[in-house]
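Once you've looked at the hints, dock chain B against the given chain A.
Below are the chains, spelled out letter by letter.
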Amino acid sequence: MDFTFSPEHIALRRMIREFAENEVAPIAAEIDRDHQVPMETMRKLGQVGLLGVCFPQEYGGMGAGEMGYCILMEEINRVCTSTGTNVGAHIGIGAMAIYLDGNDEQKRRYLIPLARGEQFAAFGLTESGAGSDAAAIRTRAVREGDSWILDGGKVFITNGGYADVVTVMAVTDPALGARGGITAFIVETDWEGFKVAREEDKMGIRGTSTAELVFEELRVPHENVLGKVGEGFVTFMKSLDMGRLTLGAACIGGAEMALESAVRWAKTRRQFGAELASKQAIQWKIADIATELEALRSLVYRVAWLVDTGQPFSQLAAMCKLYGSEVASRAIDIALQIHGGLGFSRDFPLERGFRDARIGEIYEGTSEVQRIVIASNIFREHGVRIRP
Amino acid sequence: MDFTFSEEQEMFRAMFRDFSAKEIAPQAEELDHEEKPALGALRKAAQQGFLGATLPEEYFGAELDYTSYAMLIETLAADSVSTAVTLATHVSLVAMSILNHGTPEQREEWLPLLAAGEVIGAFALTEPDAGSDVQAVATRATPDGDQVTLDGVKTWVANGEIAGLFLVFAQGAEGMDAYLVPQDTPGLTVGYREPTLGLRSATFNTLYLEGCRVSEANRLGQPGEGGSIAQQAQDRMAVALAAAGLGVSENAIQVAAQYATERVQFGVPIAQKQAIQGYIAEAKIEVEALRYLVYHAAWLVDQRGDYGFDASVVKAFGARVARSVTNRMVQVMGGYGYMEDYPMARKYRDARALHIIGGPTELHDFQIAQRIFADLDMDIAP
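Quick mapping for you: the protein sequence lines, in order, are chains A and B.
Under our numbering, the first residue of the first sequence is numbered 48, with each subsequent residue one higher.
Under our numbering, the first residue of the second sequence is numbered 29, with each subsequent residue one higher.
Here chain A stands alone, though its shape is the one from the complex (with noise of 0.2 Å):
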């Protein structure tokens, strides 16, 4: 057993907490304030190679494996969870589905940029009807030649409304629904019949775009069939696998910033002729986040250990989302009640911290499946299948 990180990846994450510091933090509040994507930061992190941390140098990428990438959304997420979002739907769900199942042609032609910050991706699974219940999705495809036609939307798409290229999984064959009849594909955004509908207006990560889009009559190349025709499930649900292990290690860095911020406002503030440190309800209160970030980190850097040698992950991953998610929220929902009023005004960051931390537990996948997925897997070691 080693527990300890590589050189290389100590000076990733000095390196990032140096950009996070300079150029995500100053502009967090800004941007969640005014609804604004950080085009320019994104473009930033694209330049000094962080969108392609975890791909391989062959397709634009740097090769710090999942190790670098959890360290990437760590570090960005502690200064801003609109940014880490951003980053997160870009790399750990959009381009991850290319890089797990694209072939040399579609890395070459759609990684590359991506990994370089030249080009955004989206990922397009949620429907209206389809949340939770993924395989319900209705979006169509119909084969005509060469290409591909498809008809249909998506909803609550982040990165939506600015990406170039989304993963779109669409229905090829009702008749075998999930297993055979769903397929991915890989759609430029500026191709005719695609359109961005509307924008939600969310209570939390505001300086995200969550997009609703709708396809009509979308023609997409058979070259850009994602994986084979009729696996898009499996690719969908590998990518998610992924995603639900680096929204852990994002986690990490929004509990992070609050039991810092409760710290230091515990030592500064005084109530009652002491420092607020001096009580034992805000001590336990502070015990409390400690040990569960303490534990949180152990989970998510050991299953991206996993995910780096190769083993077996799925499980674990989807135990880092489910506990993560609440750990986040809930250090966040402490370090706001020790601020009292000021960690009610949008003048400090943990109200945006409270808002934002609140999506953990909804978006990809919501706390509810995670707990499906994780019972799921245990019963079936014992030959029970159960149903969602």
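Derived from the structure by calculation, the hints contain no laboratory data.
In silico DSBU-like pairs for lysine-lysine, Cα to Cα no more than 35 Å straight-line:
no.: 1; chain 1: B; residue 1: Lys-312; chain 2: A; residue 2: Lys-326
no.: 2; chain 1: B; residue 1: Lys-72; chain 2: B; residue 2: Lys-312
no.: 3; chain 1: B; residue 1: Lys-301; chain 2: A; residue 2: Lys-285
no.: 4; chain 1: A; residue 1: Lys-91; chain 2: A; residue 2: Lys-242
no.: 5; chain 1: A; residue 1: Lys-275; chain 2: A; residue 2: Lys-285
no.: 6; chain 1: B; residue 1: Lys-312; chain 2: B; residue 2: Lys-50
no.: 7; chain 1: B; residue 1: Lys-301; chain 2: A; residue 2: Lys-275
no.: 8; chain 1: B; residue 1: Lys-72; chain 2: B; residue 2: Lys-50
no.: 9; chain 1: B; residue 1: Lys-312; chain 2: B; residue 2: Lys-301
Showing chain B alone in chain A's frame:
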């Protein structure tokens, strides 16, 4: 024991519901997003007598008992916690302080205006260094003949931006004093409005008092009585805030349960899923427990005894219930719970305030423990 509401109270409830559905609900969302107080609805509320809800008829009040008043707050909070808190600040913190501690002249001067909504009341206690620790109030009241000069800074003054009358707490020669300070008094300036997570159509402002001179006749109660006036006001407010927590929680369950009957996933409405049933059942259990605490505490207010302990219990529990219920109901609605186009996100943001305003939950926990240990002859320090 009798756990039924009177016929009259049931009639009031129907009337409150009518009012809220017509005057509060339709604009609650928009006012929250625009961060504007519900001034139109407050005027209508005044016409109904709600702004003088618990005041006697001689002051043009509606003379409701506190139980019926709690029902009013509960009902309004179902549609807008902001408006419920605005009204409760006006009635529980300001008008009832004047009713209980004012001279006949003070009552005659202010209560009819407050009941008519011609003047809205604001409560100025908290300071930058005096949050939970009320004794740390540093605003000074300096006597000067038959006048008093107030100097200091108050923060988180509820209703600050819309008020015509401020109940200001300041340190005088004999301890804390309370003063009635009209908004147009020279030296009084309403400043910065806090940009808040929730309660966005309520206003919380900084108040500057710089050489602000009022007549000694504006002092509410005796010299040094301010601390007790503030405590009693906050005890009444604690019950009202818990009623607001009850209203928002009940409504959140209704909205989410309705959604669960309509939202189909895995081939069935999610109401058929045991996890969703569990969320809703647990929330309902908490709400029912809170309901009886709220109405018990409201009944205690009417008995005019010491109910400080019960006020802390109901406030702390109300804040916990509202937080956990709205949190779970957001979860029931998934992505739709997170969107500002649907009401649940607002309810969740609003409910979070109840752990902080009216004294943080930690302070109420302390006060509860203090009473328990006092019964065992032990003093505990905060």
